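A.B. asks: What follows is the residue order along each chain.
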Amino acid sequence: GAGVSQTPSNKVTEKGKYVELRCDPISGHTALYWYRQSLGQGPEFLIYFQGTGAADDSGLPNDRFFAVRPEGSVSTLKIQRTERGDSAVYLCASSQAATQETQYFGPGTRLLVL
Amino acid sequence: SQQGEEDPQALSIQEGENATMNCSYKTSINNLQWYRQNSGRGLVHLILIRSNEREKHSGRLRVTLDTSKKSSSLLITASRAADTASYFCATDAGGNTPLVFGKGTRLSVIA
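Here the protein sequences come in this chain order: A and B. In terms of the working numbering, the first sequence opens at residue 1 and continues consecutively. In terms of the working numbering, the second sequence opens at residue 1 and continues consecutively.
I should point out that these hints are in silico values taken from the structure, not numbers from a laboratory. As the structure is a prediction and not an experimental result, all values here were calculated from the model. C-beta: ideal position from N, C-alpha, C; glycine also. Careful, some of the hints might be misleading.
Residues on chain B that point at chain A, a partial pick, calculated with CB under 10 Å [to be verified]:
id: 1; residue: GLN9
id: 2; residue: ILE13
id: 3; residue: ASN31
id: 4; residue: TYR35
id: 5; residue: GLN37
id: 6; residue: GLY42
id: 7; residue: SER86
id: 8; residue: CYS89
id: 9; residue: ALA90
id: 10; residue: THR97
id: 11; residue: PRO98
id: 12; residue: PHE101
id: 13; residue: GLY104
So here's chain A without its partners, still in its complex pose:
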């Protein structure tokens, strides 16, 4: 079956612009996670959904970042007023349940803010 997919693969934007990053989890996976990975670092947790609700958004760096998962499947990470420091690879992962078992990662979206 299909794995986790993310679109776009790459996104270049200008400082101050708004961007949306999309994640399609594995069908049937109820838990969905967003991470951000800067160059030379490990992924850092941003937000986690169980179904449609954000169960833990403690990793979101500030109120410019927001994520939704309205139907409990596809999720969109939204970044307002982008800053150069937002440049990173944004990774999405899903798991069958929120039991901290294996998370399946998508290929990521590489965001570059000029």
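Following the hints, complete the assembly by docking chain B onto the known chain A.
C.D. replies: Only chain B this time, still in chain A's reference frame:
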């Protein structure tokens, strides 16, 4: 913030040799997992070891966990050029807490 620290940061070995990477963490954990990442993109799950386990094997991979020292090691035996990647450990504290990743070890296997 990141919980784990992998050691070494970078490792270069010849094909056929064994590669050992270590991970240390700071707080109590429920599970510890190792992931692999090629070219800075998606991560692939390798192996999960629970806090009450001490050693686990999967193919050419051997993972140990020492909760008293808050450390884990990943051994890749008979390495291949295709094993070249970054390897990350990730821990969770149970109860729907998020995975916390280390900074990773960059492994280069030279043919």
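A.B. asks: Does each hint hold? Answer for all of them.
C.D. replies: For each hint, the structure was consulted:
1. GLN9: Since chain A brings a Cβ to about 9 Å from GLN9 of chain B, closer than 10 Å, the hint holds.
2. ILE13: 21 Å, violated
3. ASN31: ASN31 of chain B check passes; min Cβ-Cβ to chain A is 6 Å, inside 10 Å.
4. TYR35: Because about 8 Å separates TYR35 of chain B from the closest Cβ in chain A, which is inside the 10 Å limit, the hint holds.
5. GLN37: Holds, about 8 Å.
6. GLY42: Holds, because the Cβ-Cβ distance from GLY42 of chain B to chain A comes to roughly 4 Å (cut-off 10 Å).
7. SER86: 9 Å, holds
8. CYS89: Since chain A brings a Cβ to about 9 Å from CYS89 of chain B, closer than 10 Å, the hint holds.
9. ALA90: Holds: closest Cβ of chain A sits about 8 Å from ALA90 of chain B, inside 10 Å.
10. THR97: Holds, about 7 Å.
11. PRO98: 4 Å, holds
12. PHE101: 3 Å, holds
13. GLY104: 5 Å, holds
When held up to the earlier numbered hints, the structure conflicts with hint 2 and nothing else.
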